[in-house]
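Novice: For the record, the sequence lines run as chains A and B.
Every letter in the first sequence is one number past the one before it in the working numbering, and letter 185, counting from 1, is 185.
Every letter in the second sequence is one number past the one before it in the working numbering, and letter 475, counting from 1, is 1475.
The set of hints was computed from the structure by calculation and includes no laboratory data.
Check each hint, because a few of them may be wrong.
What the hints assert, rightly or not - Have a look at the derived ranges for each label pair, beta carbon to beta carbon: (1) A/GLU359 / B/ASP1280: 55 to 63 Å; (2) B/GLU1282 / A/GLY558: 20 to 28 Å; (3) A/ASP619 / B/GLY1219: 38 to 46 Å; (4) A/ARG422 / B/ARG1010: 39 to 47 Å; (5) B/GLU1282 / A/SER357: 45 to 53 Å; (6) B/ARG1016 / A/GLU442: 53 to 61 Å; (7) A/ARG492 / B/GLU1282: 25 to 33 Å.
Small disclaimer: the values here were computed from a predicted structure and weren't measured.
No residue lacks a Cβ here, since even glycine has one placed at the ideal position from N, Cα and C.
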Amino acid sequence: MSARVSTPISQKPIRKLLVANRGEIARRVMRTCRAMGISTVAVFSDPDRGEPFASEADEAVALGGATPAESYLRADAIVAAARATGADAIHPGYGFLSEDARFARACEEAGITFVGPPADAIAAMGSKLEAKRVALRCDVPQLATRELRDASAAALDAAVRDLGLPLLVKASAGGGGRGMRIVRAREDLAEALAAARREAAGAFGDDTVFLEPYVEAPRHVEIQIFADAHGNVVHLFERECSIQRRYQKIVEESPSTALDDGLRARMGEAAVRLAREIGYRGAGTVEFLLAPDGRFFFLEVNTRLQVEHPVTECVTGLDLVRLQIEVAEGRALPAAALVPRQGGHAIEVRLYAEVTSEEGLRPATGTVHRLSFDEQPGLRVDAGVAEGSVVGVHYDPMLAKVIAHAPTRAEAARALARALRRMRLHGIGNNRDLLVGILEHEEFLAGATDTHFLDRHPPASLAARARDDAAQRLLAVAAALAGQAERRAATRVLRTIPSGFRNVSSAPMRVELASDDRTYAVAYRLGRSGLEAEVDGERLSDVVLHEASPAAVVLQVGAVVRRFAIERRGEQLYVDSVDARAALRELPRHPSGEIELAPGALVAPMPGIVLRVAVAVGDTVAAKDELLVLEAMKMEHRITAPVAGTVATVHVGAGDSVAAGTLLIVLSAENGSGESDV
Amino acid sequence: MAILPTRVDRTADVFRENREGMLAKLAELDQQIALACAGGGAKYLKRHHDRGKLLPRERIELLLDQDAPFLELSPLAATGTDYVVGASVVTGIGVVSDVECVLIAHDPTVRGGATNPYGLKKALRAMDIARENRLPLINLVESGGADLPRQSEIFVPGGATFRNLTQLSALGIPTIALVFGNATAGGAYLPGLCDYTVLVKGQAKVFLGGPPLVKMATGEIADDEELGGAEMHARVSGVADHLALDERDCLRIGREIVARLHWRKRGPGPSARADEPLHDVEDLLGLASLDLRQPIDAREVIARLVDGSRFDEFKPLYGANLVTGWASIHGFPVGILANNVGILFSEEAEKATQFIQLANQSDVPLVFLQNTTGYMVGKAYEQRGIIKDGSKMINAVSNSGVPHLTLVMGSSYGAGNYGMCGRAYDPRFLFTWPNSKTAVMGPQQLAGVLSIVARQAAEAAGQTVDEDKDAALRKIVEDQIERESLAPFNSARLYDDGIIDPRDSRTVLGIALSACHSAEVRGTRGFGVFRM
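With the hints as constraints, model all of the structure from the sequences given.
Specialist: Here you go:
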């Protein structure tokens, strides 16, 4: 328990810092650097060339490549980038190289300050088994575990006997839920082990797995720790991150509703003991599983800044990145960190480029056309993307973290839900509705959160709660009216005549608008008596149109005035109102006009006589092969195969006289897409 | 520029009575309109829809630019006759691919779209509008040709249909036929004579003689498709320029054809600020007299038709029964002649003549707002030369080269109808309000004149006048003339281009003016000899 710092304490001010990361965390780190007067260097991959973090840095170094392995995981290239720009420190952010002890060591060897814990501490905590041994040494409670090298039936029986059921199978080198399996029945164990091994080997290059008892309805509560080189080790209270989807956190908060002062102190002290034991320095997080009865079990230590660090910053008023840099510079933690205070309640949600549907969540890609929030006190947005950002497939699909800090949890939840509802995010599918659905759920508001929250409440149903059907229909009407205004404004003739004027009114204007998952048939009339509108045949009663321009529609529903902002991007119409929004596309009124001939149907181009048929049913032909020769006006016309394929039918024979347009031969194309009209 | 004030008293009994009466008339018209839209009735509409086909107005809606206006013409043709209201054809001016066009659409739910005498008149009138205003013409064809039992009223005048099509083409006015169904016998020349044709696959049938006729004529056995199917015409005969997969596809192709015309209007287009009138158009309902013996305040009407209620009056102190002046409607400059009090004296006739000449000098279209009982009669006026002055006005109206638009607000009696550009004076468009009456004179006057003539004849023959018989005769005549003066009666006979809601007047005039500007807007520089 005597964690004395072995390295000499020398002050080494950082002048220029390279962020070995991308997106929001790169911007987050650079923001503090700017405040501290430290120059910044970004590194970026090819797809990230135009991203905000790369352009906002004082200097930026191209890493090339697109995948993480080709770019942000290239330790040598990053160290070289630091050398090339004269950066004297590297902040690894989270993910990528942040918990790679070799990288930390490479930095030190290159004489570059690594803004993170010592390489040894990273290495020690990087192995779950080693971490558990350390926890055991310093009396931090943990679940009994068993490493299973022997997968014999006897060994499995013994494990089940000792640990009980249910069991959790975990990858030793894992994280983020990968390589994890819950086993509720003995007979499923062998298969779960094998699957976990395969996944662990694939993901981490290490197929070591272990077993531990599985706690039902647990919470995920983690303690933020901070240590400096002067022997100070503190904890900055807890964060609760129980709401997870496939072990991926999406809502995080501090404080946790499950902790009282006593439990908080016990968990905090356990985390500090652990940090001292491994000679920790810098920011770290000790993760615990908290059982409903108040028992807590050590899970692992994350030797880096966490994604969810902002909630701690909000409640403590501390800048964790600043503390990291100060510690890395060899300075002692300030008094405010040594005697931290926990004020108010902060909740963070992760806004992902992920669409919630009945089938589950699916990643979305695209260009962010707009991302903006209302001004709102206590709201913090850490966004990786800006307008124009392209969200591709290579990296984590997180668009932004949105954090609300308020005196109480209820208020924070309300403020955050409001901010999300009002957010204008165009161009990319996202999980906003899911987040709002969670934040407004009575169970969440009652603090009844555990890691199975999203199993009890499927994302699709939560997202649906955030969406009001009547409000959606109104959005469709607003979009139709904005489209109407746009068309009227663009017309070259009769522009000042009332929209859709009819002296004989037989039918309303009709527009079909499609969203991701459905279409709305909007009918409207703008007559002397004002707006009459229908959606899907249902009349909207008591609606008055105050204004309709291409960008803004104001409707009064009953006595309530509702404003809609409309923005067109190509075919998409983005409609935002106070608490509802939609991305809609106007469907064309007419068909595209593409000729739908039977695929591969060849017809006579002119009347004539069939001289010969060169193929028979079943023959395989290559593109441009002769199929048939037609004689017309004393000229021979060769009918050739437009695509490679097989002769399906032959409709004529030699000597037949055929009219123009007569079906001659049908080919089935090789790839099934052959479509031709000779 | 002067702005017209309003002094309308919305609480006055006459205003409220006019308004209620007008609303009642509009409701009656709406019933007639509903009949027109119902075509051949529910059974035939359903059958047509069940075949996957669209109604004429549905076709038109899909042909028009979304949200653009459509001014239907002569919607009440044939009202009160043996034929269906609307005469089984829909015509109008609409915007297709940003081009104002004249549309003529047969209604196949009424006797297979067969042409009746009123429908023929209506279609010919639409063609005249296309020609005079240089508007591309789109025919939405589905017609079995002439209604054979009525052929005597159709066959001879109907030939003009085809002649018109070729003449429009010769004038450089594009003609398009979108063929949705039968276009047989004479109807086959509709696509035959248009610049562009689109035939709907599996629906269009275009032939001079169908299978029975061919069998009778030559003994040949052939089916519909061989004789006139869309595929055959697209691939073999060349009658079809485009083969449409279905009706919507046909309408899409029609829109593309128009877009590719690269049409340019020849008029100067709107040039003034097109702001709304300052005063409420709703007031027109109360301003339009139901009892035509009550005057209609022309300036109150003008104040609700013209941009910003701006009106610069010409000769306001002379010939005060006729208001003349300059304004703009939807940005199009106009000269307005409006009867303020129904009678035209020599001063009014002279003022009108000069004003028409001025409009021609500056190429400004004229709008005639009619509420006239004719030129003044009587010894003093005859001696002052009312015939000469009326003749000048009729000469000026007849030979004026600028577009004329006529709106009948109230009475249109006697030579006043002529001088104020009645139907025979070929205004580009003539619309009427529901309260208006058009006749040689008012019913009471006409009956009275007949009575006086009869009395004179009786007296000359030495007979005594049977007062009861005279009163009964007067009543019969009065009722007949009253009925035949009414707007629906005249509209049924194509003596106007439609009865409009007074509140739509500004919009309708705006659409009409814009149509006029498709052609060159140019006044005449020479008139006939004025009798001085």
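Novice: Could you tell me which of the hints above the structure violates, numbers in ascending order?
Specialist: none
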